[in-house]
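Chains as they are written, first to last, in the numbering used here: chain V, 1 to 1003; chain B, 10001 to 10190.
Among the hints, a few may not be true.
[Said to hold, decoys possible] Reference excerpt, derived from the structure (chain B facing chain V, CB under 7 Å, subset only):
| hint | residue |
| --- | --- |
| 1 | 10003 |
| 2 | 10004 |
| 3 | 10005 |
| 4 | 10103 |
| 5 | 10105 |
| 6 | 10146 |
| 7 | 10155 |
| 8 | 10166 |
| 9 | 10177 |
Think of the hints as simulated: they come from the structure by calculation, not from any bench.
This one's a predicted model, so the numbers in the text were calculated from it and none came from an experiment.
Ideal Cβ placement from N, Cα and C applies to all residues, glycine included.
Read off the chains here:
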Amino acid sequence: MSTRLAKGGRRLDRSRKIEFTFNGKRLAGHAGDTLASALLANDQVMVGRSFKYHRPRGIVASGAEEPNALVGLGEGPRFEPNQRTTTTELFDGLTCVSQNHWPSLEFDVGALNDSLARFFPAGFYYKTFLFPRPFWKHVYEPVIRQSAGLGKAPKDLDPDRYEHFHAYVDVLVVGGGLAGLQAARAAGQAGARVLVLEQTPHWGGRAPVDGGTVDGKPVEDFIADTLSELEAMDNVTLRARTMGAAVYDHGYALGYERVADHAPGAEGPRHRLWRIRAGRIVTATGAIERPLSFAGNDLPGVMLASAVRDYVVDYGVSAGDRTVVVTNNDDAYRTAITLKQAGLEVPLILDARAGGGGPLAEAARGMGIRVENGKGIAKVKGRKRVEGVAICAQAGEGAVLEEVACDAVAMSGGWSPVVHLWSHCGGKLTWDTGQALFRPDPERAPTGADGAGFVLAAGAANGALDLAGGLADADAAGKAAAKQAGHAPGRKAAPKAETEEAAPIEPVWLMPQGAGPALRMKAWLDYQNDVKVSDVQLAAREGYTSVEHTKRYTTLGMATDQGKLSNINGLATLAGALGEEIPNVGTTTFRPPYTPISMASIAGDARGRTFQPIRRTPMHDRHEANGAYWEPVGHWRRPYCYLRDGESVEDALTREINQTRASLGLLDASTLGKIIVKGPDAGRFMDMMYTNMMSTLKPGRCRYGLMCSENGFLMDDGVVARLDEDTFLCHTTSGGADRVHGHMEEWLQTEWWDWQVYTANLTEQYAQVGVVGPKSRETLQKLTDDDISAEALTFMGWTEIDLRGIPARVFRIAFAGELSFELAVPANQGRALWDMLMEAGAEFNVMPYGTEAMHVMRAEKGFIMIGDETDGTVIPQDLNLHWAISKKKDDYIGKRAQARSHMTSPDRWRLVGLETLDGSVLPDGIYAVGEGTNANGQRNMIGRVTSTYHSPTLGRGIAMGLVKHGPERMGEVLEFGKTDGTFVKARIVEPVFYDKDGEKQNG
Amino acid sequence: MAKAVSALDGASHDGYVRVEEAGLQGMITLRGDLSLDAVRAAATTASGTEMPGTREIRAAEDRALAWMSPDELLLMLPYEEAPETVQQLQDALAGTHHLAVNVSDARAMFRLSGGPPVREVAAKLCPVDLAPGRFEPGEFRRTRLAQVAAAIWMPDAQSLQVICFRSVAGYVHDLLCDAAAPGGEVGYLV
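One chain only, chain V, in its complex shape (with noise of 0.2 Å):
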């Protein structure tokens, strides 16, 4: 059984007990356990259950490569699945559940497909429910779905923050263990900037647990005195419990910040996202061991042999009391030193190697310990949990010559260097044959904006294993990372660390090699997704021979751990059922972030209140005060209508409308965008940026202007006013603002830097109201004594006057048909305007209306609206604008686009109006049909409603709509065919359904 030592755990404060709950199971650890260590020491072995067969799964690793043992953390709104228990530090309170079983972790229904396994292959979804081919959508997927996957999703609310940090440096070292601790040091006397990263709260890495002497000193004091160094600096910070999770191009790199996982609901973010911009990116990012491949290496008690260590090293807790050691490699004898040095059995150790290991498997031995060489494992035996090996010899077929009993294993396959975020940006591997693992290749690093290699691998993750070598290593990227970043890298020689003898590795990716059928189906690869040696085997004899068509077809590598611990084991396996070289099959493609990140962390502050920026005008407080029903427009909010108590929207709407007609409105136009265009050539502009002539436009006055894109289309359309000889006031839709001057500023600056004409988006300058009804020269006479006669203040004209104290800009528009004034103020004294005119309208019973009732009351005059008549394809010519596009101009924006045979062809569809003849409303969208049925069978369509509404003024539906000939066929009627099936029939009107003669604008 697992359990806690009496000694040891140099992690622990074993003063401070820690309670927590496993599937509602009360159990304790210690201050400084993992949550993976705290279930070790409390004998919880299995963890969960597979992926696809559902069998017991145990603790495999003791870092973020581990596959199994994910948890569903936490409860309630900070419930979280699929967390890894092995990177998740124990807290007072800790709730965790475990995953992919019913009903219970002991007892699973859904195990019921271990026995059925062999039916079960690789692409055994793709293969059994082809056929018939609509059943995999509704009848097959959605079963499937259901009886797989891994955690389950939060159902409420998270309730914490994220933040993000933007990080220049000139060096990011990733990994805070020995090698990248050292690269740091070096860089860092260099004088450069200096960023480490280590993933988890502690710094040194597993070195500790390994041993050795640096510069005389044992590897922990040393790891203590260059921590202390480099916290002196001015120019390092160490950031623990944060990750380097992804490299992207031109050194920018992410770094995952764990502020409060391990003190939930503490004040403060939870995740911080760094978001680095580096010159150079060490990599210090280490290795992780390999399992072997034999039957039963899934059992829960199997384990990666460093792990073993590890957590009788760092927490005091043993695996086993018996552990059998199996390795290729002789990094797995101190394992086995480790534990007889805490006192635990090791029956035994196997060597797959026939000439056995190297001076540690002499120390071994030296302590008693049995080793055989040239032998494997055949089998694990145990149900739920290890209970002995069968043993055999590597080079047969795994006839069993011995059963020793033990209740866990500790595999060495050997080591692969982390290289995912040398790969992340493109950096390539070299097959190194002598150690058996990819490593960087250093002439072919991912490049920066300068042609030049931005990542620099340091220590075990560029394949330098052993101390001495990798912390000389390590010292000369932390070196090279500095001078490239334009620092001078000082001359102290790198520290010196006793070399060790080895034992050269020998690659075993089957155990024994000839392992028949019945045990490749019980030798895992993948263990997150349930994969086998013999699923890629089969993947291989039905024609995959790429490596990453072969990882979709059996899944190997693709679940929530990426296959930390299955892609060089699989790629192994697959090169040899081809007869291929490794370095030939090659690796799949690493994508960050190397272990998930929280999707809220990538959100950061972008997430409740401050999901997307809200443009409110100056008056958006009254109007919330008044009952306003907010539309989004653009990212402004404006009032769609007012409801009273009571009311429901189309109530409000026509209240609004008849009080508009019939006295007085008020409409906050803010939203309108505002663009000065003032030079010596902005005449000259404006004729090139509207489709009117509108350099013959007096001081004083206005006109309404259309604004196409290069291609002619109809973008935006406002009402302009000439300020002075030099200066054009021009307004834009509300969303089309930013737009607008875009686009005037890109035809200034690249194409007529010459002219001598500067623009000024004063959209928010400007709080605008549009006074509109009968009443509105009254309501407005009684704020000035300025002359805002018939006479002194024409229709399309403006003048400034003063309301009160406030200064005005008064324009004499009508975009709702009515008498109406638009009032532009500063923005801060808005507010104070919109008051005034509620009190001053208060005789007539003012309103205010909203963007709907606007709407509307355009439509009764026929006018466009861009976004409805318009929609990108809709030409001016379209809506029967031919009055507002000169024909005395020599050019402007859309001119010769608008010349093509297709922009003046007689079938364009053109606007009208439209009436129902039964009174009701069009749909919106709806589209008429004509005679005959298109090559793909459907109706032929002839037009289609653009905008619709019911009219209060009217009191029936009016529309307008695009329709072939339109203009041509006044009187007709067409049969629009709605959703249902059933079709409307309207008659083609002119489109101006109120005051065709336009009288009510003059008062």
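Fit chain B to the known structure of chain V by using the hints.
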């Protein structure tokens, strides 16, 4: 003019850095050829400062002049004086192609105070190297603050100012308050 109210009317919030909306602030956009003596003279006369270099700001008493782009300056001055100063600039630059407009009402300004941590609060929201030595008083950066445009500078080593558009003042206020909330100390740029 008595009824003028800034976007958030001086709202303030104390986190580990104090965030306050700075109230009414006069601002004038001046566009012109910045290499012309006339333009430089008009600008510096109005500001009472030297001409700022690229990405710089120069301040004197209640006025400041900031470099916005190769052909644009931002003049900061008391709110009430903006309309008159626009007129003075236009008069001074009569005959020289330029654009001088009052943008006081189009903007909101925030002041972060409380010492060196003002740097890291801004660094949570702006992709700018705000490390001491890399961003110092006298520098002026147009950047983005989360999802909106902003300009930032440090009047002194203890505080940082932000200008954004008026309509998003509430959004920027909320962002700054969240970034400055206790417990969020990064301890990096100090």
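Do the hints match the structure? See the list:
Nearest Cβ of chain V to the Cβ of residue 10003(B): about 4 Å, under the 7 Å cut. The hint holds. Among the interface hints, the one on residue 10004(B) holds; its C-beta lies about 4 Å from the nearest C-beta in chain V, closer than the 7 Å criterion. Hint status for residue 10005(B): holds, given a least beta-carbon distance of 6 Å to chain V, under 7 Å. Evaluation of the residue 10103(B) hint against chain V yields a held restraint, the C-beta minimum of about 6 Å falling below 7 Å.
A least Cβ separation of about 4 Å between residue 10105(B) and chain V falls short of the 7 Å threshold, and the interface hint therefore holds. Because the smallest distance between the Cβ of residue 10146(B) and any Cβ of chain V comes to about 6 Å, under 7 Å, the interface hint for this residue holds. The beta carbon of residue 10155(B) is not positioned within 7 Å of any beta carbon in chain V (closest approach about 21 Å), and the interface hint is therefore violated. Proximity of residue 10166(B) to chain V holds as hinted, the smallest CB-CB distance being about 5 Å (cut-off 7 Å).
About 10 Å separates the beta-carbon of residue 10177(B) from the nearest beta-carbon of chain V, more than 7 Å, and the hint is not met.
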